[in-house]
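Protein chains in written order, with this note's numbering: chain A, 1 to 287; chain B, 1 to 292.
Derived by calculation from the structure, the hints in this document are not laboratory data. Do not take every clue at face value.
[Claimed, not checked] To be clear about the criterion: a stretch of chain B counts as covered by chain A if any three or more of its residues have a C-beta under 8 Å from a C-beta of chain A, and this derived list gives those stretches:
id, segment
1, 91 to 100
2, 170 to 180
[As the list claims (entries may be wrong)] Here are the simulated lysine-lysine pairs, DSSO-like style, with alpha carbons at most 30 Å apart:
id, chain 1, residue 1, chain 2, residue 2
3, A, Lys162, A, Lys112
4, B, Lys11, A, Lys174
5, A, Lys162, A, Lys274
6, A, Lys122, B, Lys187
7, B, Lys24, A, Lys151
8, A, Lys44, A, Lys113
9, A, Lys112, B, Lys187
10, A, Lys154, A, Lys174
11, B, Lys11, B, Lys24
12, A, Lys221, A, Lys122
13, A, Lys162, A, Lys152
14, A, Lys113, B, Lys187
15, A, Lys44, A, Lys231
16, A, Lys174, A, Lys162
17, A, Lys276, A, Lys231
18, A, Lys122, A, Lys112
19, A, Lys174, A, Lys113
20, A, Lys221, A, Lys276
21, A, Lys153, B, Lys11
22, A, Lys154, B, Lys11
23, A, Lys174, A, Lys152
24, A, Lys231, A, Lys174
25, A, Lys122, A, Lys154
26, B, Lys187, A, Lys152
27, A, Lys231, A, Lys154
28, A, Lys112, A, Lys44
29, A, Lys162, B, Lys187
30, A, Lys44, A, Lys274
31, B, Lys6, B, Lys24
32, A, Lys153, B, Lys187
[To be verified] Quick list of simulated restraints, FRET-style, between CB atoms:
id, chain 1, residue 1, chain 2, residue 2, range
33, A, Thr115, B, Phe288, 55 to 61 Å
34, B, Thr175, A, Thr220, 22 to 28 Å
35, B, Ile113, A, Leu92, 57 to 63 Å
36, A, Glu99, B, Arg108, 47 to 53 Å
37, A, Arg176, B, Phe288, 45 to 51 Å
38, B, Asn119, A, Asp215, 47 to 53 Å
39, A, Glu99, B, Asn286, 49 to 55 Å
40, B, Met23, A, Tyr182, 45 to 51 Å
Glycine included, each C-beta is placed from N, C-alpha and C at the ideal position.
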Amino acid sequence: MTDSQLKEDKNMGTEMGTEIGTEVKQADNASGIIESGQPVFQAKDFNLWYADNHALQNINLTFSENEISAIIGPSGCGKSTFIKALNRMVELVPIVRTEGHILYRGDNIFDKKMTVEELRTKVGMVFQNPNPFPKSIYDNVAYGARVHGIKKKKILDQIVEKSLRGAAIWDEVKDRLNQNAYGLSGGQQQRVCIARALAIEPDVILMDEPTSALDPISTTKIEDLIQQLSKDYSIVVVTHNMQQAARVSDKTAFFYQGYVVEHDDTSAIFENPKDKRTEDYVSGRFG
Amino acid sequence: MQLVDKDQVSKSLGGRLIRNNIMKFLFLLCTLVGLVVLVTLIVDTVLDGWNYLTWDFLTSFSSSRPENAGVYGAIIGSIWLMAVTAPVSIILSVGTAMYLEEYAPENRLTDFIKINISNLAGVPSVVFGLLGLTIFVRQLALGNSVLAAGLTLSLMILPVIVVSSQEAIRSVPSTVREASVGMGATKWQTVSRIILPAAIPGIITGIILALSRAIGETAPLVVLGVPVSLLVTPNSALDTFQALPMQIYNWVKMPQEEFQYLTAAGIIILLIILFLMNSVAIYIRNKFSKRY
Ligand SMILES: Nc1ncnc2c1ncn2[C@@H]1O[C@H](COP(=O)(O)OP(=O)(O)O)[C@@H](O)[C@H]1O
Ligand SMILES: [Mg+2]
């Protein structure tokens, strides 16, 4: 590598914002503005505490139908906390207390009428580290359907095949459906976990840093998959990889110390952020 | 500047290696002392009792004449005892462990119960015998029946199974639990379909080890007043019975020398039972233990 090339690379570093900008996902329609569908999730003045730690402060955010929404921000800013609030998984931590509303298709998820089982059936989740059950690949994917009372082998077979195809892993596992899911590579396990989430035909899929434990090739596969899935599902994906947010998402929310600093079209966040902190973060000056 | 003096380093090397070998030898010696004593005991017992392990010995009731005495009543009685102890202790303790690990709210009371269950595991067995005598034998008027003794032994091994089951349940990673409840499964579905199947090898191992402790236990049975000589086997759990460790304990006290050989033969049978139970536990642990 020559000196001048090195210098160019350095320049790229400081101007990462614009550099990424060239590969930011572009709006499909002619006007250039991404049109939003029905709101799926609306957070209204939402606050969350872990005991005394005010982890989420006055969050107001709307995620819309069939969009890929990315949540970015430095470590510890509340990304995981927020995405886990959306399906109330955050309540598994006993010291959690919340205030304000989160509406899922118009209904407050903290309302007594809403059971967590019902909410989580509609709002599926993929976790940071692949977490298949210690069961066969087939039983992993069929788990959700069985939990919801589907017993017929024929229907389960169809669900398993459709979900594994949907998660782009059918060809790799179709000959070993009865083998333990732990025999797969990390990237394959994560796609089985995505298939498992698809199998209950959710409305929304939440993903908390789904590729952070994976190698670059598996990461690319999952990113492609996320794009594919957005045709049929609304997706919220947490990432602290900014290139990933830029590549896959339509809208991006920037979280910082428990606040939403900026929420806009992904191209706007990366190409002309309104807030100085957003600009600093997406250009790699901190994080 | 060199802070590490290479000469000094190489000089001290010899001493360090010698000390290392001395410690290795000392630890080996500790192991051998225990092992030699144990092997001597077993060999001595087997030599004493081997010739008395006959078919007649296995099929005869106890008797005051050593040439007629056998362990039939004691073996059948011990089987009855386990038939009560096993289901009672398993249901109560696995249920307790499940509640404490999966359902109980996290508060001081739960912590207090958890700590004291482990403490209970250390209570001497004779204390459980006294408890059983007061509650089951006297107050519930069960007498020295299979049921009273079985309930007493169940209480005795309850904390042991609870603690080992808790450990087995806790070793199922929380990420797997989250995956299940994250799909809309209820707590019970998660427990019954994911957690129990994953924890069951550990739970069963704990159960077998606890039961093998119960089957060899003598002190509580002495306190409960279990008879040492009986010419019938129980027809129901409310009948009185004999037990293998009690039979052995009784023979040890006999004056005639021949009874000492019968004692050895009885011990061999108990050892064989314990050995088999432990083998099953080890087999289950190795065969079914999950990896994550
Ligand atoms: N289980 C928990 N118990 C207590 N505090 C927590 C817990 N999980 C997260 N927090 C706190 O909440 C804040 C946000 O954490 P998190 O949502 O995990 O951030 P991120 O996912 O953006 O890295 C941090 O200050 C963290 O210490
Ligand atoms: Mg996180």
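Restraint check for Lys24 (chain B) with Lys151 (chain A), where alpha carbons must lie at most 30 Å apart: Not satisfied, since the Cα-Cα distance of roughly 60 Å exceeds 30 Å.
Is Lys122 (chain A) within 30 Å of Lys187 (chain B), Cα to Cα? The hint holds at about 18 Å.
Given hint Lys152 (chain A) paired with Lys162 (chain A) - CA-CA distance at most 30 Å: 16 Å, holds
With the threshold set at 30 Å, check whether the alpha-carbon distance from Lys276 (chain A) to Lys231 (chain A) stays at or below it. Given that 30 Å is the threshold and the Cα spacing comes to 33 Å, the pair is violated.
Okay, the segment 170 to 180 of chain B and chain A, do three or more residues pass the C-beta test at under 8 Å? Coverage by chain A holds for the segment 170 to 180 of chain B (6 residues, Cβ < 8 Å).
So the hint says 57 to 63 Å: do the beta-carbon atoms of Ile113 (chain B) and Leu92 (chain A) match that? Check failed, 21 Å falls outside 57 to 63 Å.
Would the hint linking Lys174 (chain A) and Lys152 (chain A) be met if the CA-CA limit is 30 Å? 20 Å, holds
Lys162 (chain A) and Lys274 (chain A): Cα distance at most 30 Å? 43 Å, violated
State whether the coverage of the segment 91 to 100 of chain B by chain A holds or is violated, taking the criterion as 3 or more residues with Cβ-Cβ distances under 8 Å. violated (count 0)
Decide if the proposed pair is consistent with the structure: Lys154 (chain A) and Lys11 (chain B), CA atoms, cutoff 30 Å inclusive. 76 Å, violated
Does Lys174 (chain A) pair with Lys162 (chain A) here, judged by a C-alpha cut-off of 30 Å? Cα-Cα ~11 Å, so holds.
Is the hinted pair Lys112 (chain A) and Lys44 (chain A) satisfied, with a Cα-Cα distance of at most 30 Å? 18 Å, holds
In this structure, the hints that do not hold are numbers 1, 3, 4, 5, 7, 17, 19, 20, 21, 22, 33, 35, 36, 37, 40, in rising order.
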